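Model the full structure from these sequences, guided by the hints.
There are 2 protein chains.
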Amino acid sequence: MTQPIAQALSARLRDMILAGEFQAGQHLREVQLAQLFGASRTPVRLALAANEKDGLLEYSPNRGYVVRPFAGEDIAAAFEMRAQIEGLAARKAAERGLSPEAARRIAETIDTDARVLSGDAPLDDGAREAWRANNAVFHKTIIEAADNRFIGPALQTVQRIPGVYPPVLASYDPVLLRKYNGHHRRIGECILARQGTRAEFLMREHVFEAGEDILTSLHPAHGPTQDLAGAAE
Amino acid sequence: MTQPIAQALSARLRDMILAGEFQAGQHLREVQLAQLFGASRTPVRLALAANEKDGLLEYSPNRGYVVRPFAGEDIAAAFEMRAQIEGLAARKAAERGLSPEAARRIAETIDTDARVLSGDAPLDDGAREAWRANNAVFHKTIIEAADNRFIGPALQTVQRIPGVYPPVLASYDPVLLRKYNGHHRRIGECILARQGTRAEFLMREHVFEAGEDILTSLHPAHGPTQDLAGAAE
DNA sequence: GTCGGTCAGGTTGTATGCAATCTCATTATC
DNA sequence: GATAATGAGATTGCATACAACCTGACCGAC
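Taken in order, these protein sequences are the chains called Z and G.
According to my numbering, the first sequence is numbered sequentially starting from 1.
According to my numbering, the second sequence is numbered sequentially starting from 1001.
Any given hint could be a false lead.
EDC-like mimics (lysine to aspartate or glutamate), calculated; alpha carbons at most 20 Å apart, straight line [as the list claims (entries may be wrong)]:
#1 G/LYS1053 with Z/GLU58
#2 Z/LYS53 with Z/GLU30
#3 G/LYS1053 with G/GLU1101
#4 Z/LYS53 with G/GLU1058
#5 G/LYS1179 with G/ASP1120
#6 Z/LYS53 with G/GLU1052
#7 G/LYS1053 with Z/ASP15
#8 G/LYS1140 with G/GLU1209
#9 G/LYS1179 with G/GLU1189
#10 G/LYS1179 with G/GLU1108
#11 G/LYS1053 with G/ASP1074
#12 Z/LYS140 with Z/GLU101
#13 G/LYS1140 with G/GLU1205
#14 G/LYS1053 with Z/GLU52
#15 Z/LYS53 with G/GLU1209
#16 G/LYS1053 with Z/ASP54
#17 Z/LYS140 with Z/GLU129
#18 Z/LYS53 with G/ASP1015
Computed list of chain Z residues with no C-beta within reach of chain G, every gap over 10 Å [claimed, not checked]:
#19 PRO100
#20 TYR172
#21 GLU212
Away from chain G, derived, C-beta distances all over 10 Å, residues of chain Z [as the list claims (entries may be wrong)]:
#22 GLU101
#23 ALA121
#24 GLY126
#25 ALA136
Quick caveat, the hints were computed from the structure, so don't treat them as lab data.
As the structure is a prediction and not an experimental result, all values here were calculated from the model.
In this text, a Cβ means the ideal position worked out from N, Cα and C, and glycines have one as well.
Here you go:
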């Protein structure tokens, strides 16, 4: 965290970058942002430095900050990291075991999602919001159960990517969401059964597939094969 | 990175924290540090914010920064993350394949280490420095070969831990170093053979064991079992 | 016409002053 | 004696002034 105003500016700036309000490579001038935010250069400078640390900006001495570009391979790399780290979280959660409260929350998100997705019609706004919230709770609960203080921050930096920020989520295609709901159910079962290895790899695959689906929705031309799967084999 | 002076101060402050020159929980006052560094509060404030982002300090609004304490379980958690991320790096390096130059560098570190460790006498300073440098090259080469821009930064935050910073390295016990040299050789072989899964798990285990060894050397009383292995099983 | 130098404008880097907040010892009250 | 209120000192938060640096246009030399 940062200072009262600087803290708020850092978050506002981050949201603007994630929302794509700046072009990749754009030079962010301190005075310009200061006027935009109605503050002085001092908190703006802190906000810029914070977002650089988060990987959203690039810094050059005496030249300032530019918006970092994110190409398809960067998004693929981010999902690789997410898959690896959330895999660790699932394994640790299975090994440590869930608290009754955590188990209840996970079961509830899975059941609620299944009910929301049971129909055939495209999802309305309420259903999409319900799914988004449940998805967040599912992953967050597992991450907390893993009880490793480095997991949360590490995940944030690979999740907060312009253009792929969770709210996008593969256009909420019901077919995909039903698939994910199935993943969640099996992952939850593995964790409850204390099967750490299965939980790890199911979670890894779950996140990896979600990344593939998002890349596919971004580049409908060439499938995800080129993007996410490595060159080898 | 940050600004010229602020950048340097950030690194100096980080090194001081890693070297244990502050007590855990100690309040770092801006004017005090500014006098120590011979600068004004402005770059000091940036350095503090940068080290907070790196997880070495904790911030409270209007109260400033205190040195973050690292307990045994934090060190164990950091090695868990390192094992998981370097495992990903090894797998990706195996899947993508090494460049001839990378393969040569890795082979060289392994062979040189084997030669340095061939004797029975405790290592002199030169030998220790040689091992440290080779170890760094070995891991760095694999990380670069993985070609995932999120791996490097993520590893830095879990490697830079007060009291466990690499230079310590389990007191350079030749028995341990020979074991690690064997790990390196097998990991290198797996990567060259494009065996990603084996490379991943050998690397995971390599880092995990190194963490165990360091925790053992820190708490000779209770073995690493309680610290690194989870509660389950 | 091309290359190098120079200067003005603009942008970042640092220092400092003032306001807001916190800390903690002292005092007043019950 | 314990607890709450108060106020002075110290510390952080922000704004602003000045210095250093970079950028790009203009000009002159070859």
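A quick look at each hint next to the structure:
This hinted pair checks out: G/LYS1053 and Z/GLU58 have alpha carbons roughly 16 Å apart, not beyond 20 Å. Straight-line distance between C-alpha atoms of Z/LYS53 and Z/GLU30 comes to about 17 Å, which keeps the hinted pair within the 20 Å bound. About 35 Å separates the Cα atoms of G/LYS1053 and G/GLU1101, which puts this hinted pair outside 20 Å; it is violated. Proximity of Z/LYS53 to G/GLU1058 is assessed by CA-CA distance (about 16 Å); at most 20 Å being required, the pair is judged to hold.
Only pairs whose Cα atoms come within 20 Å are accepted, and G/LYS1179 paired with G/ASP1120 is accepted, the gap being roughly 14 Å. Distance hint between Z/LYS53 and G/GLU1052 is fulfilled; the C-alpha atoms sit about 10 Å from each other, no more than 20 Å. Restraint check for G/LYS1053 and Z/ASP15: the C-alpha separation of about 18 Å stays at or below 20 Å, so the hint holds. The straight-line distance between the Cα atoms of G/LYS1140 and G/GLU1209 is roughly 19 Å, inside the 20 Å bound, and the hint therefore holds.
A threshold of 20 Å between alpha carbons decides the hint, and for G/LYS1179 with G/GLU1189 the separation of about 16 Å falls inside it, so the pair holds. A hinted pair counts as satisfied when its Cα atoms are at most 20 Å apart, and G/LYS1179 with G/GLU1108 qualifies at roughly 17 Å. Restraint check for G/LYS1053 and G/ASP1074: the C-alpha separation of about 17 Å stays at or below 20 Å, so the hint holds. At roughly 13 Å between alpha-carbon atoms, Z/LYS140 and Z/GLU101 fall within 20 Å of each other, so this suggested pair holds.
For the proposed pair G/LYS1140 and G/GLU1205, the alpha carbon gap of about 17 Å is at most 20 Å, so the pair holds. Distance check on the hinted pair: G/LYS1053 and Z/GLU52 sit about 10 Å apart at the alpha-carbon level, within 20 Å; holds. Of the pairs offered as hints, the one joining Z/LYS53 and G/GLU1209 is violated, with about 30 Å between alpha carbons and a cut-off of 20 Å exceeded. Under the criterion of a C-alpha separation no larger than 20 Å, the hint pairing G/LYS1053 with Z/ASP54 is consistent with the structure, at around 8 Å.
As the CA atoms of Z/LYS140 and Z/GLU129 are separated by approximately 16 Å, the hinted pair is consistent with the 20 Å bound. A C-alpha spacing of about 18 Å is found between Z/LYS53 and G/ASP1015, which places the hinted pair at or below 20 Å, so the restraint holds. Distance to chain G confirms Z/PRO100 as a non-interface residue, since its nearest Cβ pair spans about 16 Å, more than 10 Å. Under the 10 Å C-beta cut-off, the non-interface status given to Z/TYR172 relative to chain G holds; the minimum distance is some 26 Å.
Distance check for Z/GLU212 against chain G: the nearest CB is about 16 Å away, which clears 10 Å, and the non-interface claim stands. No beta-carbon of chain G comes within 10 Å of the beta-carbon of Z/GLU101; the shortest separation is about 18 Å. With a minimum CB-CB distance of about 38 Å to chain G, Z/ALA121 clears the 10 Å threshold, and the non-interface call stands. With 10 Å as the threshold on Cβ separation, the claim that Z/GLY126 sits away from chain G holds: the shortest Cβ distance comes to roughly 34 Å.
A cut-off of 10 Å between C-beta atoms confirms that Z/ALA136 is not in contact with chain G; the least separation is 21 Å.
Checked against the numbered hints above, the structure breaks hints 3, 15 and satisfies the rest.
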